[in-house]
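**Q** Let the hints inform the model, and build the full structure from the sequences given.
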Amino acid sequence: MDISNIIDQQTLDALIKFGINLLIIILKIAVVLGIGLLHVAYATYFERKVIGHMQVRLGPMRVGPHGLLQPIADGLKLFFKEDIIPEKADKPVFYLGPVIFMAAAMVNLSVIPFSSHFVIANINVGLLFIFAMAGMGVYGIFISGWASNSKYAFIGGLRSSAQVISYEIAMGLSLVGVMIMSGSLNLTDIVRAQEESIYGMFAIPQIVGFVVFTIAAVAETNRTPFDMPEAESELVAGYFTEYSGFRFALFFLGEYIAMFIMASMATVCFLGGWTLPWYIKVIPFINYVPGIVWFLMKVYAFIFFYYWIRATVPRYRYDQLMGIGWKILIPVALANILITGLVKILL
Amino acid sequence: MIRKEAEKIFETRELNVNMGPQHPATHGVLRLVLDIDGETIVKVTPYVGYLHRGIEKLGESLSYFQALPLTDRMDYVSAMSNNIGYCVAVEKLFGIEAPERAKFIRTIVGEMSRIANHLLWLATHALDIGAMTVFLYCFREREWILDLYEMICGARLTVTYPRVGGVRNDVPQEFLDSLWKFTEEFPSRILEYETLIDQNRIWLLRTKGIGVISAEEAVSWGMTGPTLRGSGVPYDIRKHMPYDAYDKVEFEVPIGTEGDTYDRYRCRMLEMRQSNKIIRQCIEKLPTGPVMADEPKFTLQPKDMMMPITHPTKEMAYFIDEKKCKGCGMCLRACPAKAIFGEKKKPHKIDQALCLQCATCFVTCKFKAMKIIPGGKGLSDEKLAELAAAPVPEEITKAAEYLVRQFEFVKKGPRAPEGELYVATEVPKGELGFYFVSDGSGKPYRMRLRAPSFIHAGCLPRLCIGHLVADVIAAIGTIDIVLGECDR
Chain A
1390 MDISNIIDQQ TLDALIKFGI NLLIIILKIA VVLGIGLLHV AYATYFERKV IGHMQVRLGP
1450 MRVGPHGLLQ PIADGLKLFF KEDIIPEKAD KPVFYLGPVI FMAAAMVNLS VIPFSSHFVI
1510 ANINVGLLFI FAMAGMGVYG IFISGWASNS KYAFIGGLRS SAQVISYEIA MGLSLVGVMI
1570 MSGSLNLTDI VRAQEESIYG MFAIPQIVGF VVFTIAAVAE TNRTPFDMPE AESELVAGYF
1630 TEYSGFRFAL FFLGEYIAMF IMASMATVCF LGGWTLPWYI KVIPFINYVP GIVWFLMKVY
1690 AFIFFYYWIR ATVPRYRYDQ LMGIGWKILI PVALANILIT GLVKILL
Chain B
2 MIRKEAEKIF ETRELNVNMG PQHPATHGVL RLVLDIDGET IVKVTPYVGY LHRGIEKLGE
62 SLSYFQALPL TDRMDYVSAM SNNIGYCVAV EKLFGIEAPE RAKFIRTIVG EMSRIANHLL
122 WLATHALDIG AMTVFLYCFR EREWILDLYE MICGARLTVT YPRVGGVRND VPQEFLDSLW
182 KFTEEFPSRI LEYETLIDQN RIWLLRTKGI GVISAEEAVS WGMTGPTLRG SGVPYDIRKH
242 MPYDAYDKVE FEVPIGTEGD TYDRYRCRML EMRQSNKIIR QCIEKLPTGP VMADEPKFTL
302 QPKDMMMPIT HPTKEMAYFI DEKKCKGCGM CLRACPAKAI FGEKKKPHKI DQALCLQCAT
362 CFVTCKFKAM KIIPGGKGLS DEKLAELAAA PVPEEITKAA EYLVRQFEFV KKGPRAPEGE
422 LYVATEVPKG ELGFYFVSDG SGKPYRMRLR APSFIHAGCL PRLCIGHLVA DVIAAIGTID
482 IVLGECDR
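Sequence order for the protein chains is A and B. Following my numbering, the numbering of the first sequence begins with 1390 at its first residue and continues without gaps. Following my numbering, the numbering of the second sequence begins with 2 at its first residue and continues without gaps.
Keep in mind the hints are simulated off the structure, nothing from the lab. All figures in this text were calculated on a predicted structure; none of them were measured in a lab. Treat the hints with caution; some may be incorrect.
[Unchecked claim] Each computed DSS-like pair below joins lysine-lysine, with the alpha-carbon atoms no more than 30 angstroms apart:
no. : chain 1 : residue 1 : chain 2 : residue 2
1   : A       : K1670     : A       : K1716
2   : B       : K5        : A       : K1540
3   : B       : K44       : A       : K1477
4   : B       : K325      : B       : K315
5   : A       : K1540     : B       : K209
6   : B       : K209      : B       : K278
7   : B       : K44       : A       : K1540
8   : B       : K209      : A       : K1716
9   : A       : K1477     : B       : K9
10  : B       : K9        : A       : K1480
11  : A       : K1477     : A       : K1466
12  : B       : K9        : A       : K1540
**A** Shown next as structure tokens:
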């Protein structure tokens, strides 16, 4: 039977096109997901090695050469651990918490432009999408803190939601300068705008915004010195105190992916993404290096910065953290917007 | 009615949080029950006793020097200082004095333990506040000190190196060389820790103005040690009631001004430098001579006198003289290997195959029926009887006499004069006091310990109330408690 008897040629073409597109997208998702999970595994290894060497010790050394197989061993261990659920926990919500947290972090990977043509969904509100999803992640933290039916987890959840919400404002405001300068919310367009500008990257004209963003990004991902929600010396492990086994691993996964997202955001919005500023491009042969290399180098430099902070500074107290967010970062970010706007209008 | 309902609905209560006994930041098994209003502390109730091992009571059933290893288990972070405190107290009770060299060695190891303790304190305090790296830097140096301990006594944590009347053994020259090198390097290492936290904005925010306690209040709460000196009270037992060699060395007592967590931190940091100074002076002035007081009535004498019998290369056989044995069964019951057999009122026999040559039967026998036959291991009974007839060498007789004396001494313990006595020493955590009531027997009638950690744990509510949850951690860190000492 001829297929053209049932549907006409045009529809068939459209369907095939849709199918191919779908296939490409699924392939892209598979690649990004694979890389994302591998990233998490080796980001833990990277962190332990970096901090280890900063603290005059070696870090993992036992599994594989220089401990290279350690993340795999850790993953296996987490996978086979007993999954303990507190008796009085609110079970459906307890199950849902880590899933929301990780899904909200992972979905961001879809809008990050890794290279000039490699982005799963090139949507025109990419920046807003990431904000929205980061906001969703708070639900994961908060409901897991609530559902655990533990006071430590509860306080951790409360602290976290307050912290993430207040720092989200500072982070959003710090990025408004970038939006003004590039005139777009599409992440690919933001990178293109940087390539075309005389600075080469927005970190130079938007230095204030960059600093505010960096601080807010550390707080947003609950890392030292802002790791209040999971401050191990006070709250044992914060919102995921009661989680074990693979549910705990989901939180871990989510946290490291969130870190990757924040580093990617910094790279895309301030450090020029996969592009190089024109004053570096003059070096011969450098144009032959693929853009993804530059992108990943910038991302990992930023992640290294995260680890560096963790090895160096103590932890803020909860009220001091909120004070910094509301009294310093938000006014500074607002002033930055004002100045950027004025410059944009006047020039 | 509606109003009542509304009040019921909108009623607010403090959240009751149980912190500990298993908690990463309570330095052991301290349990704090916190009432928190939001993040503010309204009420703190410390509960102690989870690590109670009855050291005071155990001390009453052990002779004076058998109780010494118990003091290791109190403040296991600075066991050496606890040992010294006990030894100084018992020496006062006996009215004996350690030789000069032993005093200097004790001062050296005591100050080493102060440095080791403050390093551990700094490491954990910084880790609680979130500075991870300081922790490992501190442990690097603490490791060095523990290795030095190992060099002099073979143990790293529960040392039992000082003894009543001196120290266990003299220090080797390599120990002094390595320690000298340590004192040369250590000041620069302190600077290393301080670069990380001393002027760190976050550290200052977390420690300045937290847990403030005035000098008068600190005294009336019974605080001692650096915890008290942080409030500006220059009370240091090493300075005011010197023991060991502290009156022969120069050092300062650093004090704070504000009485907050930061001042107490500064005090301890400066104290480490002073300890370093004391160690250097002691090494320079270290006199020669014996390390154990020559007081056979009160101290254990060196063991080399017994060597002809107890040395592992010597092969001895024990033989019961049938004529002298009354068959009382004392040796039969005492033998750990159950090698002695025989009926009551009849001469006993030793099964040579089972005998461990521990000499327990020899010192137990009241009728001198036991004979030591040198080189007699593995011989038949007839041959042994033949050998036993021969006179015992004088060397063995002397050693045997000495063995019996040592045995009696260890079993019964030195007799302390009757009376009561309180002796305090400055351990890294504060004033460690030993109070003895002696009834003239070989064991204390009552042994009471004034443990600084216990008293400091009681101050926690005073330091925490009104602050935030995170400050409780800083307060636990700043009073430097070890629950082994607190619960005893």
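**Q** Sort out whether K1477 (chain A) lies within 30 angstroms of K44 (chain B), counting only the CA atoms.
**A** Holds, at about 27 angstroms.
**Q** Take a quick look at whether K5 (chain B) and K1540 (chain A) sit within 30 angstroms of each other, Cα to Cα.
**A** Holds, at roughly 28 angstroms.
**Q** Does K1466 (chain A) sit within 30 angstroms of K1477 (chain A), going by the straight-line distance between their CA atoms?
**A** Holds, at roughly 26 angstroms.
**Q** Is it true that the CA of K209 (chain B) sits at most 30 angstroms from the CA of K1716 (chain A)?
**A** The hint holds at about 20 angstroms.
**Q** Would you check the hint for K9 (chain B) and K1480 (chain A), treating anything up to 30 angstroms between C-alpha atoms as holding?
**A** Cα-Cα ~29 angstroms, so holds.
**Q** Is K9 (chain B) within 30 angstroms of K1540 (chain A), Cα to Cα?
**A** 22 angstroms, holds
**Q** For the pair supplied as a hint, K44 (chain B) and K1540 (chain A), is the alpha-carbon distance within the 30 angstroms limit?
**A** Holds, because 16 angstroms separates the two Cα atoms, which is no more than 30 angstroms.
**Q** Between K325 (chain B) and K315 (chain B), does the CA-CA distance stay at or below 30 angstroms?
**A** 26 angstroms, holds
**Q** Between K1477 (chain A) and K9 (chain B), is the straight-line Cα distance small enough, at 30 angstroms or below?
**A** 25 angstroms, holds
**Q** Holds or violated: are the alpha carbons of K209 (chain B) and K278 (chain B) at most 30 angstroms from each other?
**A** 28 angstroms, holds
**Q** Check whether the Cα positions of K1670 (chain A) and K1716 (chain A) lie no farther apart than 30 angstroms.
**A** Measuring from Cα to Cα gives roughly 40 angstroms; hence the hint is violated.
**Q** Please work out if K1540 (chain A) and K209 (chain B) have their alpha carbons no farther apart than 30 angstroms.
**A** 28 angstroms, holds
In this structure, only the earlier hint numbered 1 is contradicted, and the remaining ones agree with it.
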